[in-house]
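Q: Protein chains in written order, with my numbering: chain X, 167 to 1148; chain B, 752 to 846; chain A, 203 to 618.
Any given hint could turn out to be false.
Have a look at the derived ranges for each label pair, beta carbon to beta carbon [to be verified]: (1) GLY843(B) <-> SER823(X): 20 to 28 Å; (2) GLY1075(X) <-> LYS585(A): 28 to 36 Å; (3) LEU825(B) <-> ALA651(X): 55 to 63 Å.
Lysine-lysine pairs mimicking DSSO-like chemistry, simulated, CA-CA at most 27 Å apart [claimed, not checked]: (4) LYS601(A) <-> LYS1034(X); (5) LYS266(A) <-> LYS722(X); (6) LYS468(A) <-> LYS191(X); (7) LYS304(X) <-> LYS609(A); (8) LYS218(X) <-> LYS219(A); (9) LYS679(X) <-> LYS609(A); (10) LYS182(X) <-> LYS430(X); (11) LYS1034(X) <-> LYS831(B); (12) LYS560(X) <-> LYS663(X); (13) LYS601(A) <-> LYS659(X); (14) LYS266(A) <-> LYS679(X); (15) LYS222(A) <-> LYS722(X); (16) LYS1108(X) <-> LYS299(A).
FYI, nobody ran anything at the bench for these hints, they're computed from the structure. Ideal placement from N, C-alpha and C gives every residue a C-beta, glycine not left out.
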Amino acid sequence: MTKDFRIKGGVVNRDKKLNFRFEGKAYEGYEGDTLASALLANGERVLARSFKYHRPRGVFSAGSEEPNALVTLREGAYQEPNVRATVTELYEGLVAKGQNYRGCLKHDLMAINDLMSPFLSAGFYYKTFMWPAVFWEKLYEPIIRKAAGLGELSMLEDPDAYDKGFLHCDLLMIGSGPSGLMAALAAGRAGLHVILTDEDFRMGGRLNAETQEVDGKAGHVWAEEVLSELEGMKNVRLLSRTTVYGAFDHGIFGALERVSDHKKEGSGDVRQILWRIYSKRSILAAGAIERSIAFGNNDRPGIMMAGAARAYANRYGVALGQNISVFTNNDDGWQTTRDLHAKGVNVAAIIDSRSSTSQTAPSGVETIMNTAVMDTKGRHGLNSITLTNGRTIKTDGLAVSGGWSPAVHLTCHQRGRPAWNEDLAAFLPGGDLPVGMSVVGSANGTMTLSACLNEGLNIANKVIEELGAKPSDLSVPKAEDETFATSAFWHVKESKKRAWVDLQNDVTAKDVKLSHQEGFRAVEHLKRYTTLGMATDQGKTSNMLGLAIMAEASGKTIPEVGTTMFRPPYSPVSLSALAGRSRGKEFRPTRLTPSHQWAEEQGAVFVEAGAWLRAQWYPKDGETHWRESVNREAKAVRESVGLCDVSTLGKIDVQGSDTAEFLNRIYANGFVKLPVGKTRYGIMLREDGMVMDDGTTARLAENHFLMTTTTANAVGVFRHMEFCKQCLWPDLDVQLISATEQYAQFAVAGPNSRKVLEKIVDKECDISNDAFPFMACGDITVCGGIKARLFRISFSGELAYEIAVPARYGDSLVRVLMDAGKEFNITPYGTEALNVLRIEKGHATGNELNGQSTALNLGMDRMVSRKKDFIGNVLYQRENLVREDALKLVGFKSVSPNQELLAGSHFIGVDKNNVQENDQGWMTSVCYSPNLESFIGLGYIKSGDSRMGERVRAVDLLSKTETLVEIVSPHFVDPEGSRLRD
Amino acid sequence: MIINHPLLGPRDAQEFTYLGDASMIHRPHWQAEDAIDQFHDYTYLRDNPAGSHRELWFHEQGDRSWLVVTRNTLTHEIEKVELASDVAKAEGRSR
Amino acid sequence: MRYSGFSVIREALRGNKGWKPVWRDPEPQSEYDIIIVGGGGHGLATAYYLAKEFGEKKIAVLEKGWLGSGNIGRNTTIVRSNYMLEGNEPFYEFSMKLWENLEQDFNYNAMMSQRGILNLCHTDGQRDAFRRRGNAMLLMGADAELLTNEQIREMCPFLNFDDARFPIKGGLLQRRAGTARHDGVAWGYARGADMRGVDLVQNCDVTGFVIENGVCKGVETSRGTINAKKVGVAVAGSSGRVMEKAGMRLPIESHVLQAFVSEGLKPTIPGVITFGAGHFYVSQSDKGGLVFGGDIDGYNTYAQRGNLPVIEDVCEGGIALMPMIGRAKLLRSWGGIMDMSMDGSPFIDKTHIEGLYLNAGWCYGGFKATPASGYCFAHLLSKDEPHKVATAYRLDRFKTGHIIDEKGVGAQPNLH
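If we strip away everything but chain X, and leave its shape as in the complex, we get (with noise of 0.2 Å):
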């Protein structure tokens, strides 16, 4: 039966009940609570396993820092596992399971592997499980992931949305206990804009656990007093159920606010908010986390560290037990047990490992001294201790305190290392703070309640002057300064029994000595072949307490055996919120083409081309295949005309008087020359003398160039030329401006592309071939008056234009156009069909175009001039690059024309084995062309150049197909170029 383990007091809202679930049943709540108080409030001690040994654990925490109370939140696809029962803010129709157990929780079957534990010690399993070598993957792994791993995931799509955005402030307090608080106030009051964070959802620290008055009223009335202060401060921003989880460079934050976390799935608000916080300063005041102590059977329900119990009885109203005992080293502990017992739980003894204490225990509690606690009993929670003195003492909850540990883990996120503290015996915040942080309250080892206020006062006030305000004339409230003497213990040697050290990951003080007996010393090793500290809660209570015992082992002190670093983030952040909206469709932006909605229009398919989306091919009813559509639209290019959006092409427009002479320098090929109005194909190498990129060139005016890049390297290539610019060549007189999205630009392209062009281009402009021959460009009008340019340049290889004019006019006329073709039978046709053209024409793209090929390898060696400077020029003569047996980009054809190709097959003799040593080189692209009615393609082969006619296999063993190939010229279509020129 379960019992009511609520008491008086505390701040949960007693008029508000809620109702929740766990592991099926149905519980009542108080608006205020968390899982974990609400379930000791009813009485439920087990609300999990451990990872290993699956023993049965219960709530050790009231934070953050909890290792144990992990259950899974929420069904469907709104499921979320290893949710610490202790921050989660109970909400009418919670729903929360349990988690890692076979069975029931109650009675997990994998608890066997307790009994079995002897032979799980520490790393047993690198020193087993290695014969057979097959049975890993087949048996014993299988068996240990299955039984490892903690909560399960639903497999389905997470259905919340995520935010994310950017906050400045000139200072980020971390932190809302009294010294975070005072230090908020102080900065708030100076001016400042102040952002404060809690990780809770009521702001106010350990303000709102604790019994201690500020300026004589109850610590979290003063707290509800200055917070509703800075709530009206227009330049404070409050951020409650907000963790700062990482410190970055410059004073960069990362926060994740928990924006409904607190409500029921399905309320429509986001989820959670990912905040990157612009800090000019910024306090940490985090806190301490305290501390357990190793002795026999440390880890059952109902054993929790003391400060947790001291929260629950003040903050929630929630008994730990009914005959509850405490254990401490230090004077805090004493604390619990005044103020569980002015709460009226009973308190059979405290337990306090030193000699003496200034001390005392209300009446009617038994003090031991010197002493301490070896072994417990209970098997689903807490029934009896026994003691080093050898009595057992009947108690059903026992608060342990082994002191405190400052919160420091922010400090060392840039590497900072702590700091060893003897008075403490505790690591606090090192020299090597992130930029402009400081450290205020218990976080820097100041840990009683008026030397917090007072620090967080006088630091606050250093900032504000620091950055150029005046300090408000608020002083330090009224507050006593609590003892808080404690002496370092951390581990009964007497205990028999298993000592638990991290609760979670299942490793004992005797594993931290194995691991000492082993030679894995260091603290890396000792986390690491233990997995101390590796559990979800990192090792929040216990690396101190795995560090103290490795240390005693080693007769060393804890500095010397050192610290492990504390990374980002502080406690575990949900992956969808790290992506925010950058998921599904809305992974990455979408870039559309001018004539985007009309192609829709058509029905076209689209592909993604980098960011761009462009039509793949325009089905027509009746058409079964892709590649009936393609063969259509190839083969009415050649006969007719045909249309394509090339948009998506880079163009940089280049502008200043030495404009020749740079893209003379940026390409390979001369540029100088170049008369204007014409156009001209360039090839520009990176300095390492790979081809980094090619295109046309048109000089519209003496000084006035329009370069186009391929798709895939319009960014690169503009920025390698400002780099020329701004870095090499800092004096000519050059401008470049990225003009990609200010044109909309379509190749009409086919025998019948000039009489298309006729049709809309203004009278005055002349372009018949003798006033606009191939590779002319020029401004043009079109329509009646609007400003066009036309380029008459080819990439299918047939007389061809490509007509640009501003983005905004591309819809109307893509329109014009078809209009204007309708004779002619014009044809829109995609990038399958435009790669079909270019392969019929030997041109290179994405495929050749890899950054590994040079221009010998693409057969354009004599483009490269041996007379000029220009980028690349000396790299690309290097002995391997430009050897004779270089491999060169060829054509292929199949020696059976309906044998289909694949690109990515390798090239090998048609007697020689498939084996590397015979691989001579690979097809880049294939197509099936309708106009020779044959599979052709390019690729890279040995020596290309002077074996046409040679049959190869070219072989793709991954389908373990092949195809006899006979190597012929790349142009396929139209060799001598004629069609180019009509």
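Starting from the structure of chain X, add chains B and A where the hints point.
A: Just chains B and A now, kept in the frame of chain X:
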């Protein structure tokens, strides 16, 4: 990281594209006798210090300035930011 | 002590009191035949093979920190041999074969798990490139399969097939690829080397080289000068810094690669999966954490930490590819310093200083190379000539143009 652009003030490093060692400003002469060696060193052997490093960043999503940023590779502290064209001119690059 | 299931049971029954240290903690001697600088994966593997396969004696590994503290201690544990170029693939396939027999060889369970790697492609061009690569792998004796979408759907039904910005168009699968427990690899090599008499000296910082008349005679360390006939440096991540002490400038830049692990989850994904339209790769560890990563941060750095933009970019790729991991949580991120070479490929070579040898430039792919790198470096150190699968990894290859550029991005280290 935040780069204090000499013309635009502090900008997030995300707006920039990184190239590397600012010695890439000093492109050798193509007709030097040992041009291949010089270009080899220029292209492949770059400064890679643990400490202060002069490096080129391109304000790709901004004003398209190339900058020479002097940044500590151990701490990421930025010591100096200059326009690359100014640096190039000061270091003898011209036409 | 030989490890086995039997030894685990026997020692457990004796209260696990009988386990001996896995390695000694020796004082450095004043002289060795061969000194390996760097007790990371490659250094330890080199020492192991020197002792085991090449019969070398009097070997020391000098490690600045703790054994295995190199990049073997902070990687995403992927083992594969899916390279394309002639200079690379035989080497990585040799490595794969060593991996396949590694645990039995050094009697330590490094949890080498051949659950496969699936590289997804999202454009026709990528698929063509995968076919080129897959065929190159098969020609060089590795395994490869080109999968259709239907096959991928069957294997990984959770991938985003229907709402993707860049739809999946196939994938290259190497079934023999997988993951290994990275620390276990370091410890296995260390233990095997120690058992064969190699001195593994921790907390020994090499501060300089003793070079006389162009000959390396030993090293200066934080624990005194140690003489050696040969010195091999295997300190990827710090190669630039260390070789500077020998007056060398390397075709290497130091960059940070971040890696990430989620909280533990029950089995979620089968093997290693890589996204071809963004920077994201992922596997699941035996403990249940999703181990994932993406691109390097992209600027020179020696600080072992990265920044937010890359963290977000990687997670964006992850959610775009597998939207069902959205409610899993990032547990821990870390950064490792990579030797990013100018063509993305490594160096195993003699230097111009006699007696000084270099193993460097592993970019973000050093883990999978560990066995072959150790073996080939040992070969070079012992026989003074390169092993036949590592002949391409020369320091002077950029002068001659023998570039090994798998990605085709040129002399731009942060793009490899």
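Q: Evaluate each hint against the coordinates.
A: Hint check:
1. GLY843(B) <-> SER823(X): 20 to 28 Å: 22 Å, holds
2. GLY1075(X) <-> LYS585(A): 28 to 36 Å: Between GLY1075(X) and LYS585(A), where Cβ atoms are some 34 Å apart, the hint holds.
3. LEU825(B) <-> ALA651(X): 55 to 63 Å: Violated, at about 40 Å.
4. LYS601(A) <-> LYS1034(X): Given that 27 Å is the threshold and the Cα spacing comes to 22 Å, the pair holds.
5. LYS266(A) <-> LYS722(X): OK: LYS266(A) and LYS722(X) at ~20 Å, within 27 Å.
6. LYS468(A) <-> LYS191(X): Holds, because 24 Å separates the two Cα atoms, which is no more than 27 Å.
7. LYS304(X) <-> LYS609(A): 35 Å, violated
8. LYS218(X) <-> LYS219(A): Distance of about 21 Å is within 27 Å: holds.
9. LYS679(X) <-> LYS609(A): At roughly 48 Å apart (the allowed maximum being 27 Å), LYS609(A) and LYS679(X) break the hint.
10. LYS182(X) <-> LYS430(X): 16 Å, holds
11. LYS1034(X) <-> LYS831(B): 36 Å, violated
12. LYS560(X) <-> LYS663(X): It holds: about 19 Å lies between the C-alpha atoms, which stays within 27 Å.
13. LYS601(A) <-> LYS659(X): Given pair LYS601(A), LYS659(X) is violated - Cα atoms ~65 Å apart, limit 27 Å.
14. LYS266(A) <-> LYS679(X): Holds, because 25 Å separates the two Cα atoms, which is no more than 27 Å.
15. LYS222(A) <-> LYS722(X): Status holds; Cα separation ~20 Å.
16. LYS1108(X) <-> LYS299(A): 30 Å, violated
Checked against the numbered hints given earlier, this structure breaks hints 3, 7, 9, 11, 13, 16; the rest are met.
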